[in-house]
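There are 2 protein chains.
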Amino acid sequence: MEDFTFVNKTEVRFGADRLDAELAPVMERFGKRILLTYGGGSIKKSGLYDRIMTALKDFEVFELDGIAPNPKIASVRDGQRLTKENDIDAILAVGGGSVIDASKLIASARFYDEDPWDLVINPDIRQTIDQLPFVDILTLSATGTEMNNGSVISNPDTHQKLATFGPNTPAVSFLDPTLTYSVSKWQTAAGSIDIMSHLFEQYFDNATNNDVQDGLREGVMRAVIKWAPVALADPKNYDARANLMWASTMGLNGLVGLGNQNDWTVHPIEHELSAYYDITHGVGLGILTPRWMSYILSETTAAKFAQYGRNVWHIVGDDDMAVAKQAIQQTYDWIKSLDVPMTLPGVDITSDEHFLAMADSAVEVGALDTDAYVKLQAEDVVKLFEASMTTDNFE
Amino acid sequence: MEDFTFVNKTEVRFGADRLDAELAPVMERFGKRILLTYGGGSIKKSGLYDRIMTALKDFEVFELDGIAPNPKIASVRDGQRLTKENDIDAILAVGGGSVIDASKLIASARFYDEDPWDLVINPDIRQTIDQLPFVDILTLSATGTEMNNGSVISNPDTHQKLATFGPNTPAVSFLDPTLTYSVSKWQTAAGSIDIMSHLFEQYFDNATNNDVQDGLREGVMRAVIKWAPVALADPKNYDARANLMWASTMGLNGLVGLGNQNDWTVHPIEHELSAYYDITHGVGLGILTPRWMSYILSETTAAKFAQYGRNVWHIVGDDDMAVAKQAIQQTYDWIKSLDVPMTLPGVDITSDEHFLAMADSAVEVGALDTDAYVKLQAEDVVKLFEASMTTDNFE
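Quick note, the sequences are listed as chains A and B, same order. All the letters of the first sequence, read from the start, carry residue numbers 45 to 439 under our numbering. All the letters of the second sequence, read from the start, carry residue numbers 45 to 439 under our numbering.
Be aware that a few hints might be false.
Copies of the same chain look alike in the list, so a pair counts if it fits in one copy or across any two.
[As the list claims (entries may be wrong)] When the alpha-carbon atoms are kept at most 35 Å apart in a straight line, the in silico DSBU-like pairs for lysine-lysine are as follows:
#1 K419 x K270
#2 K280 x K419
#3 K280 x K270
#4 K427 x K348
#5 K348 x K419
#6 K101 x K348
#7 K380 x K348
#8 K128 x K348
#9 K270 x K369
#10 K280 x K427
#11 K229 x K128
#12 K88 x K128
#13 K101 x K76
#14 K229 x K280
#15 K89 x K270
#16 K270 x K88
It is worth saying that the hints were derived from the structure and are not from the lab.
Okay, chain A solo, but in the shape it has when bound:
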């Protein structure tokens, strides 16, 4: 167990239909000039937009819409301009990870006079400048952005998809599971896989005897495994949506990663796929994760995979390697049961032309050769891509 410092000041307001009464007094803390950020038109179709505008009828609300999945730096540039031109007091981000991620960076860009892509590639700058307060209303359970200080922003011009961290987490997060009733099966599955991947990235770590943390992670994993299929079959099941939403938040609010040694592996690799092919992040993770698990399984890692099998999947047996293999197979089967493609050709990646370039970049950006749980070189990552072309190892 490694030393850590932890603080997370986000106020979570969890439950159905709280925003109508609570949004105005919350935003009032920060001022009257609000930048409302959102994605496509779904919040207008669902009526959420009207509810927000009714709640904020005594505020001056400016709008930035059209923030796309895998949010682009162009949206941040638009937001930067709007916050400056309109002397915005606070941002209200309504959406999933993309909208909230972009809004966090806009909140910093308000206090920066050059191109905000600088803030992504030079991480130190954001720690030295102010950040607008930002509140979110989450509409997709996946990234955990609703209670952390991270964003992932893409720059199509440079084929880069990079993480950036601001000084602050959201001031307030409204977590209303009913707002995810309308999330498609595809996005529900992808979001659930993303949550699981966050937990895996933090669980498979070389810090020893980090048992409280392992226990927290295992507990959240079991909840996701149980409830994701229920949400797919019964999209308006409150408990399913509530457990997935809270699992999303707990999976990446910093807490379950404390006491760790290593950085992440599968996320940096997937970010390359999304940057090159703009595929759905969680689906990419679902394809890569079982291949990564199989690839790094060894005498050294078998004990941890067996712990995962016993505590998460209730697999019984004394042979660590056998339990580990069964756990990886069950992981694959669970992802597949969510009805997502299980190969790269399934997401229209049929050629290996970018494998080496993506692998090189993943190793560099993710420091996979120095900081990962099991260190990977570019040729290892290429093998993961190659293994992802077929289902040979799993079916």
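Please build the complex by placing chain B on the supplied structure of chain A, with the hints as guidance.
Chain B in isolation, oriented as in the chain A frame:
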């Protein structure tokens, strides 16, 4: 899963030997006039007192010592006077639950001009007055006070031991597992039982499908079960002390109790024992807990106890009632393995003379007849006391 609002702004600094370099810059945030609070002389014997005074050599440090286990309102009165007389900027509490609990109330009493016992019996007052910032250096893993806003304060004149909640949690908590190396076997056992009891109180709840939360609690329980015996056998085992310390914090920082319906049961009952007989809180909990579990086990509750048995104790079997009974027996055996008395006569409570008075008070203070997981009347609580006179049901 019930609605909840959650925020916890405590900054945790976890790890060995951080305070020498970090204490001064942390206290500097609040001012130069510090009230240092502690218990008996153990921090002087261990050298911790000297380290603190060295770190704070540029501060004006005032002292309140002698805060006893089951902290008394008299210590709070002393602290109130010292904060007012010396215009204190912040409190630094060094100790376990008793010192930190008393210090939290002193931090409120600084801004109250009457007897601070008022603040305990009229909970609303504390929410309307200010509270000094307070920092703690934890020396005992047990109560979770290091990351919550609660205190338990005793008034020997009235035989009352009551919980009170302030507006704030600690500003900063230094969690250094090595500071618990010198904790006695008795206090280590009692503290570990206290942690487990906090988790039980939150786990056995009527909110359904609260799976993320159940998973978090189960995970922390497994860590305590694993590491408490190690800490007893090998008091300077860092990982044992680290897991118990972090389990203490996670067990009662508010997080694992979210989404619940019910109030607690065993704590209010034990508080009567401690108030009447001044026994060690955790030992009292260890005696009462298995009796309470057995008493409330029924067709209605068997499924939850079986879940506990399967996820925490890895008990295999399809018969919920059988798994539940085995889980309760294993709970008893684990507590007993910590070498603590398992009956009331073992803590010198040999007469039933106060059973009814204590039961009446527990039901009233704890609202056991209306708000508990399984509702209890005074006669039920008397039966728990009676069952605690012998080991008949367990051995």
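Do the hints match the structure? See the list:
1. K419 x K270: Intra 31 Å, inter 30 Å, cutoff 35 Å: intra and inter.
2. K280 x K419: between (42 Å within a copy, 32 Å between copies)
3. K280 x K270: The answer is within: 16 Å in one copy meets 35 Å, while 40 Å across copies does not.
4. K427 x K348: Within one copy only: 23 Å inside, 45 Å across.
5. K348 x K419: within (16 Å within a copy, 42 Å between copies)
6. K101 x K348: The answer is neither: 54 Å in one copy and 47 Å across copies each exceed 35 Å.
7. K380 x K348: both (23 Å within a copy, 30 Å between copies)
8. K128 x K348: neither (50 Å within a copy, 55 Å between copies)
9. K270 x K369: Result: close both inside a copy and across copies, 21 Å intra and 25 Å inter.
10. K280 x K427: neither (40 Å within a copy, 45 Å between copies)
11. K229 x K128: Close neither inside one copy (38 Å) nor across copies (61 Å); limit 35 Å.
12. K88 x K128: This pair counts as within: shortest intra-copy Cα distance 26 Å, inter-copy 56 Å.
13. K101 x K76: This pair counts as within: shortest intra-copy Cα distance 10 Å, inter-copy 46 Å.
14. K229 x K280: Within. Shortest intra-copy distance 12 Å satisfies the 35 Å Cα cut-off; inter-copy 51 Å does not.
15. K89 x K270: within (30 Å within a copy, 52 Å between copies)
16. K270 x K88: within (32 Å within a copy, 52 Å between copies)
Checked against the numbered hints above, the structure violates hints 6, 8, 10, 11; every other hint is satisfied.
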